[in-house]
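*Asks:* So the chains spell out like this:
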Amino acid sequence: MLTRLANPLRFMAFSRWAGPLFSAAAAVLIAAGLWFGFSAPPDYQQGETVRIMFVHVPAAWVALTAYAALGGASFVSLVFRHALADIAARAVAPIGAIFTLMALVTGSFWGRPMWGAWWVWGDARLVSMLVLFLLFVGYLALRASIEDETKAARAAEILAIVGLINLPVIKFSVEWWNTLHQGESLLRKGGPLVASVYLTPLFLMGGGYMAIFAALWLARTRAEVWRRRALTLRDRGAA
Amino acid sequence: MRAVFAFARREIALAWNSGGPVLGVGFFTAMTVMFPLSLGSSPAALAPVAPGVAWVGLILSSLLSLDRMFERDMESGALDFLALGRTPLELVGLVKCLAHWLTCGVPLSLAAPIASIALGGAPSSAIMLIVCGLVGSLAFALVGGTGAALAISSRRGGVLVALVVLPLLTPPVIFGGAAIERVVGGAPWGAALALLCAYAAAALAGSPFAIAAACRNSLS
Chain X
2 MLTRLANPLR FMAFSRWAGP LFSAAAAVLI AAGLWFGFSA PPDYQQGETV
52 RIMFVHVPAA WVALTAYAAL GGASFVSLVF RHALADIAAR AVAPIGAIFT
102 LMALVTGSFW GRPMWGAWWV WGDARLVSML VLFLLFVGYL ALRASIEDET
152 KAARAAEILA IVGLINLPVI KFSVEWWNTL HQGESLLRKG GPLVASVYLT
202 PLFLMGGGYM AIFAALWLAR TRAEVWRRRA LTLRDRGAA
Chain C
519 MRAVFAFARR EIALAWNSGG PVLGVGFFTA MTVMFPLSLG SSPAALAPVA
569 PGVAWVGLIL SSLLSLDRMF ERDMESGALD FLALGRTPLE LVGLVKCLAH
619 WLTCGVPLSL AAPIASIALG GAPSSAIMLI VCGLVGSLAF ALVGGTGAAL
669 AISSRRGGVL VALVVLPLLT PPVIFGGAAI ERVVGGAPWG AALALLCAYA
719 AAALAGSPFA IAAACRNSLS
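Quick note, the sequences are listed as chains X and C, same order.
Note that the first sequence covers residues 2 to 240 in our numbering.
Note that the second sequence covers residues 519 to 738 in our numbering.
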């Protein structure tokens, strides 16, 4: 499947109908998720704020998926020198950064009423998401600051792979650090079990977020393919 | 092997003469002075954060001169000759990182406990600051060298290297900070120090390959 799509022509033919299909699926899933999310009863501990979970948690899922996709595409591009993999890596980075930022912002909106603070350093997930955001920013900054596009692509690929190797270590270290400070924090997330009234909208939103992520990724990849074609045509015209 | 030693001597001499230790330790001192000026001079405010401040200062100061690590050889064309030579680029990168560590990380590690004690930190943390500084700055030099090699072709230099490298340095910063904090608090510190050493060892094994790949890319 993936090797078939590695051909740019076949990819363009596929993404032409797959992109709108994912967009439609995202619209349906997110609409249903929002419906179930707002019709669910307020939580006995968290009250209405529990609904933030439906826009927050899927954003975090997408953010992690996006970094895995970035690392994977970079690896394929570096090892097999495949142009489309590089285009896909370039396309996915800003989307990942935006979803990570979204997870952070919605998380802090949830934290304000629940923890009484916009930001709590005692929560390992918050801190590791922030580091993930910085990794995306570093990738984008490195890529943007090198003028030669081929060199920028290679350097960014190496950085993405180094980051992917480091990500589990960072996650471990932040969690390890967090247990160190756990004593002083009385702040724990609400009920330990998630009731099924909340699980349905959560998974619907999760599916919707993944679909919109796929649609955006395909659209950006397509745009980048068109941009490179235009550049080639221009260079040919100039020669 | 003789070529490697000659190259190492050249690197250390270059890093030393271009102001490596003076720049690093000077910045470190200036930064330490800024803390009482901004937090207030009362020992009650400064003493608890003193070892942590010294640790943060060490990290930031060791990132200072990283951007020149490969750039100078790139501009002069020396990097092309190093790539053509028989010494593998992996070894060249490793030697450069070790030279940076010797001329920047080691002096900073010796300065760190002085800064901590000057701010009123517990003298019991001095030995641990030196040990964590030596091990930690080795990891910073190696991961930082990777960042510097990646940024060779860019026009941004210093800030870019710091931005790329700092998120990757989260684990050693946490492990070293925890080891120092535990010594001050009288808690067992073995696990934290062992994790810091493990990170440095992994960086020692892995980063030469990333550095060499990045150098080849910018020379292509």
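Some clues are possibly wrong.
[Claimed, not checked] Capping the alpha-carbon separation at 20 Å, the derived lysine to aspartate or glutamate pairs in EDC-like fashion look like this:
1. X:LYS152 with C:GLU699
2. X:LYS152 with X:GLU225
3. X:LYS152 with C:GLU593
4. X:LYS172 with C:ASP591
5. X:LYS172 with X:ASP124
6. X:LYS152 with X:ASP236
7. X:LYS152 with C:ASP591
[Said to hold, decoys possible] Here are some, though not all, of the chain C residues that point toward chain X, as calculated from beta-carbon distances under 8 Å:
8. ARG590
9. MET592
10. GLY595
11. ALA596
12. THR664
13. LEU678
14. LEU681
15. ALA730
16. ASN735
Derived by calculation from the structure, the hints in this document are not laboratory data.
Positions of the beta carbon are idealized from the N, C-alpha and C atoms, including for glycine.
*Asks:* Please go over all the hints and tell whether each is borne out by the structure.
*Replies:* Quick rundown of the hints versus the structure:
| no. | hint | in the structure |
| --- | --- | --- |
| 1 | X:LYS152 with C:GLU699 | 42 Å, violated |
| 2 | X:LYS152 with X:GLU225 | 17 Å, holds |
| 3 | X:LYS152 with C:GLU593 | 17 Å, holds |
| 4 | X:LYS172 with C:ASP591 | 36 Å, violated |
| 5 | X:LYS172 with X:ASP124 | 12 Å, holds |
| 6 | X:LYS152 with X:ASP236 | 19 Å, holds |
| 7 | X:LYS152 with C:ASP591 | 18 Å, holds |
| 8 | ARG590 | 18 Å, violated |
| 9 | MET592 | 12 Å, violated |
| 10 | GLY595 | 17 Å, violated |
| 11 | ALA596 | 19 Å, violated |
| 12 | THR664 | 6 Å, holds |
| 13 | LEU678 | 5 Å, holds |
| 14 | LEU681 | 5 Å, holds |
| 15 | ALA730 | 10 Å, violated |
| 16 | ASN735 | 4 Å, holds |
The structure fails to meet hints 1, 4, 8, 9, 10, 11 and 15 from the earlier list, while all remaining hints are met.
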